[in-house]
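Protein chains: 2
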Amino acid sequence: MANITKKVSWSSRGDDSGLVGEGTPLLNGSEAPKQSRQLSGAGSVFRIGRFSTVDLEEDITSEEDPIREQPKEIPHNEKLLSLKYESLDYDNVENQLFLEEERRMSHMSFRCLEISRWVICGLIGILTGLIACFIDIVVEKLAGLKYQVIKEKIEEFTEVGGLSVSLILWAVLNSTFVMVGAIIVAFIEPIAAGSGIPQIKCYLNGVKIPRVVRLKTLMVKVFGVICSVVGGLAVGKEGPMIHSGAVVAAGVSQGRSTSLKRDFKIFEYFRRDTEKRDFVSAGAAAGVSAAFGAPVGGVLFSLEEGASFWNQMLTWRIFFASMISTVTLNFFLSIYHGKTGDLSSPGLINFGRFESDSVAYQLYEIPLFIGMGALGGLLGALFNVLNYWLTIFRIRYVHRPCLQVMEAMLVAAVTATVSFTMIYFSNDCQPLGPEHTEEYPLQLFCADGEYNAMATAFFNTPERSVRSLFHNQPGSYNPLTLGLFTLTYFFLACWTYGLAVSAGVFIPSLLIGAAWGRLCGILLASFTPNNPNWADPGKYALIGAAAQLGGIVRMTLSLTVIMMEATGNVIYGLPIMLVLMTAKIVGDYFEEGIYDIHIKLQSVPFLHWEAPATSHWLTAREVMSSPVICFNRIEKVGTIVDTLSNTSTNHNGFPVVAQVSDSDEPAKLCGLILRSQLIVLLKHKVFVELAQSRLSQRKLQLKDFRDAYPRFPPIQSIHVSQDERECMMDLTEFMNPTPYTVPQDTSLPRVFKLFRALGLRHLVVVDDENRVIGLVTRKDLARYHLGKHGLEELQLAQT
Amino acid sequence: MANITKKVSWSSRGDDSGLVGEGTPLLNGSEAPKQSRQLSGAGSVFRIGRFSTVDLEEDITSEEDPIREQPKEIPHNEKLLSLKYESLDYDNVENQLFLEEERRMSHMSFRCLEISRWVICGLIGILTGLIACFIDIVVEKLAGLKYQVIKEKIEEFTEVGGLSVSLILWAVLNSTFVMVGAIIVAFIEPIAAGSGIPQIKCYLNGVKIPRVVRLKTLMVKVFGVICSVVGGLAVGKEGPMIHSGAVVAAGVSQGRSTSLKRDFKIFEYFRRDTEKRDFVSAGAAAGVSAAFGAPVGGVLFSLEEGASFWNQMLTWRIFFASMISTVTLNFFLSIYHGKTGDLSSPGLINFGRFESDSVAYQLYEIPLFIGMGALGGLLGALFNVLNYWLTIFRIRYVHRPCLQVMEAMLVAAVTATVSFTMIYFSNDCQPLGPEHTEEYPLQLFCADGEYNAMATAFFNTPERSVRSLFHNQPGSYNPLTLGLFTLTYFFLACWTYGLAVSAGVFIPSLLIGAAWGRLCGILLASFTPNNPNWADPGKYALIGAAAQLGGIVRMTLSLTVIMMEATGNVIYGLPIMLVLMTAKIVGDYFEEGIYDIHIKLQSVPFLHWEAPATSHWLTAREVMSSPVICFNRIEKVGTIVDTLSNTSTNHNGFPVVAQVSDSDEPAKLCGLILRSQLIVLLKHKVFVELAQSRLSQRKLQLKDFRDAYPRFPPIQSIHVSQDERECMMDLTEFMNPTPYTVPQDTSLPRVFKLFRALGLRHLVVVDDENRVIGLVTRKDLARYHLGKHGLEELQLAQT
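Chain order of the listed sequences is A and B.
So that you can map any letter, position 604 of the first sequence is 604 in our numbering, and since no number is skipped, the others follow by simple counting.
So that you can map any letter, position 470 of the second sequence is 470 in our numbering, and since no number is skipped, the others follow by simple counting.
Just to be clear, a hint being listed does not mean it is correct.
Given that identical chains are not distinguished, each listed pair holds provided it fits within a single copy or across any two copies.
[Said to hold, decoys possible] The list that follows gives simulated cross-link-like pairs (lysine-lysine, DSS-like), each with its CA atoms no further than 30 Å apart:
id, residue 1, residue 2
1, K683, K265
2, K753, K208
3, K703, K753
4, K685, K79
5, K685, K668
6, K151, K141
Hints were generated in silico from the structure; no laboratory data involved.
So that you can see chain A by itself, here it is in the shape it has in the complex (with noise of 0.2 Å):
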């Protein structure tokens, strides 16, 4: 949130801009800012709050009782980018301890440090497997033991009459689950909300998402997703592994927890943000590993959201915690069913064998899936467009806890009824083979040895509803069952997603697109009934489910990649990928992902891949921020503590100069030094004056750092007496003394592809003499987006 003080070139962003955004909530959840009794104080142009201004982890006000005086109605402006986020540092901090430290360290010792980061990445792989199987075994417990009660009731009721009574049964028993799901994730964890990824997008590309991988958000998410999915909702929980992983990753790799306050003292050099986001993608990989059964899709969604640079070694690592992933899982799970040492589930989601013999593809089928890849991108898109104005609407009216448990119950209520519903006046009644795979096969009004295929796809949990619609035998289920399927399950889903209950986006798509799809395939089958075998409802329906989920998500190569796993046969490779190329293709031209959609919603300065194309004429003389607020060398403290503590500028990064003159000429530039570095200073008041005075003064060394990291107290919490305040700091030990520039010339896309390639948080715009004259931040590139007409403009705000 470095030097916001723009020119004042920049329209716009006056008084208002700060009020527009304040007290916004965010999406999923997310509490409001809840400094409104600071910005009294505060008469500064933007009107940040006075504890916003801290670089930490966790929120320093959640400590307080916070008061919530939330307006009824609140205004929000997707144009709008947050200073509320700050950035990872994925750039090292090479000063002078820094380097100290490494050129001591023998070459045994970085062969150590190799061996822990594969030691740590098996642990990340073990443990996410092991939440992953806890997840499965108990929503398995829990919905078994749902379905078979109100199954027996249902039997009970369709003899004698009565059937309201087990549809209030069913009702109250979702509601009830899903209020103790949305109870824990809005009142005690919001960020927990939903499926975590656009989170992890967003932690993975170098934003610092506060809370996000925090022990407590673990916990709200696992009994979370417990919940929503035991409680019938539309949703998977798959999505949710992902975040889960990224936190035990975050975990792991700190060698303690903050939350319990256990310090093991292990992996200590591992506490920066360099090495935690390396170890978070191995952490997000694991979770797609565990969750789809995907130990290479894993790592190519990490690659593909987060990575900065491809290391080769670090490649080998996330696959290493994906592989160990899946397969704990997979070993688990042959334990609990009984044929230990089986390695065939390697996930949650199992599509089930796919034998190549019975459902191969012919060439003139090509087109068809193209189309049908064409359809999953406008369902997809439409699906993201309602999904979007839900949101919206929930911003404005539904953010205070209690509404979003409300909203929540409401949901599973409605699904519940329209389930019924739906059951009960469908007539599509299928005879029950005798190896029938149904688990609760619903006999309702059929006649004996029937069932009724609405409960398939209704009376199930979502991932066996999939599995059913791509492996039951052709003609399982009427086309009038699937139509009506798809056209609610799409409703619901779309009405689920953005709720305050954890829980993934990723099953109910697949669900959606295996009704149409399979309704496709019967379809087409229909039209040449003298050979309707060539087209087998079960490719059809994997072909509808992958373009559905395309359509929604939008992901390239890792998507096509986890389908492939998923389905455990190369060969549909071609198909998916065509598949998922035209969905993306067409549903990119009405709008987003529904990843990007969200993160946009929450006003996260989110780096893309490349600049705009068309931003060649924007210079860093234009995007920088200037002035910018230098230190001296040798700084006396009184002024670092004014600076750091003056509300109306809460910069992050503060060049060092050689010399401030006393004209306003800037001053050379010789390094870079962090508000964190500067907290940790003055707490431990290495300032010169004592130094000289106190001889065995311990040298401030990097574990004193670390051992911050990365939960820095506020500058509020540091006392500085008014003598101490006369002391000098000399920053140049502590300083990065080689911090990347760039002059003031250089062209928007090349300041964007160092900053981005490099994950930087901070570039120095010098000029000619290298002299500071500005600094760039993420805030200040990613205020710049393509828009429909052209290069658009992000207002900053303090939402």
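On the provided structure of chain A, position chain B as indicated by the hints.
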């Protein structure tokens, strides 16, 4: 090759280092530098030949009749780094011309460009697939013919005696094919020797290897590989596909062929290193994909070897090219095999279907697999060490083309003889089943209805032998046969790799590994006589193949995925990963991978992923080249011509400074200009005086630079009159005004990271007043590597 005038502190780089390397031929038969004639005039420190100073993709002297006067024995020192190799400019030159062009372009033009990129990738895929198809069909036809003829002869002579006649026939046939293959490689295009993977690795790493992506190379490669495979050498046709794909990509993306003197006037925007390298990545991926039927593996190969920076759209395009390539191959092969539309042979090598039921593995087998991985690592290291010695021997004694051809013929004859002897003395007779899969079953001395099992392995193309080892029924081979086969084939393959023929090492490695893997399976099963079925020999053959291949080439993620895709079965992911990981760890302990060995022996300045771990004590000041020759913004033509013509300072990048003062004081940096740009400027005589006198003179455009790319003429070919020498040149418009810079205290890892992440060629080192004090190039960084005894420094030589 910029600025090699080092500070005197670099010892052991005096006159003799220049002499030591001089005349050493490159590996793979690349010709020796031919500038010994010119050396008489160059009294410089490094004795750099006049012509090697030119930044050409094609060595300019190849037009002349080369004087071949190589010494009989050539000393070679692997602790050298060749100055002969230039870097690619992966960083865009953002000069005024470029920025003006970009700014003129509308959003629609950028979209059109994006579409052309996709079209090009599609073309690359199609052409690569067609080439693979061509190679496959021709090899199959010719090899079939050959084996048929020999088989008939053998059968004829088995009865009547005189089998030596058929041996001679076999040896002569083999030698003839190999002779043709070796002649075209050794005499026409030596760079086409070997698999081409080291060369493509270097290219993707950013090193310009002369003539590596030329049409002539492609032709020689394709026909060379046909000859060597048909000639019965222990080689595969897969590696060369990667090189072929890369050449196709380089050709297609430029929209012209310099060799054929055709310019189609399309894709002119892509005529620069940045774009070309992206396309070459796609081509290499398409090659892998066609070779192994592994589109995802292809993408990962490209990224693992080449990616400086992962970009989602680029990756997606690469994947598209890969997918198209394997589908094209598959489609045309299906037509050829008379099963149009049956997409079941996606690659040149087909591992056949691994049914997961029959060869599922149990958890307790994992340690066995790891043990096999270790064995593969050991055998791989042995292979590499032997091949390393052999290569040193070849560099010293076998460097004349005719010697190379003779060696290749010798190897072909020996291979035939050894095969024949092995078959002759083998008494492993197996019954010929009713649905036998042997292509050429040799009965020889077996009873009627039986065939010789040794012949299955030797008397066959290596691809078929691999498949037989994977899939033949348990009991098809007896252990002695497999042991003998492993032993002989190991040495044959080791001897063969590095010959002046175009051929790959993948298939021989797989074959060796499959043989000893199957042997392991048989032996393991024999330990448990009461349950001999648990160790399916086919499964162990697969693991052994992975272990051996991993031990030799040491690829990581990409190889895992390639193997997974080639088996068509995802469940082998874990064992293959573990095996490859073990093989790599064990192998790396002894010796590098085969490709890295060959790259090192070629003294290529290859940049690995990260700087050596213990290099933090080095800073830019130590690694940079200094002093640097700079130009003024407005510079005298004479000075430029003299500097460019100076053979002792064959720099390629020149910092442009504000004003060189008369004193020795370095001047302030204001840009960077390349030799190639200056050459174009001189050729078009863009002199300030001329511009004033002839107002109508056409302004130099980006197109002029693109037309000259990539074969810029040498400075000697440009005539500058005495009058013109007095003119001035204004470099402002053409120089890159915003080169990346680092302060002189920047640590080597930091410089390295910047260099590698952005794909730089020149990095200017400045002091704190922004004055030029040095220049870092690829060779300055590649010089440092981690040896057995800590950080080692390679010498720069003109090899």
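Now the hints, each set against the structure:
| no. | hint | verdict |
| --- | --- | --- |
| 1 | K683 <-> K265 | within (21 Å within a copy, 66 Å between copies) |
| 2 | K753 <-> K208 | both (20 Å within a copy, 23 Å between copies) |
| 3 | K703 <-> K753 | between (33 Å within a copy, 25 Å between copies) |
| 4 | K685 <-> K79 | neither (43 Å within a copy, 51 Å between copies) |
| 5 | K685 <-> K668 | within (27 Å within a copy, 40 Å between copies) |
| 6 | K151 <-> K141 | within (15 Å within a copy, 65 Å between copies) |
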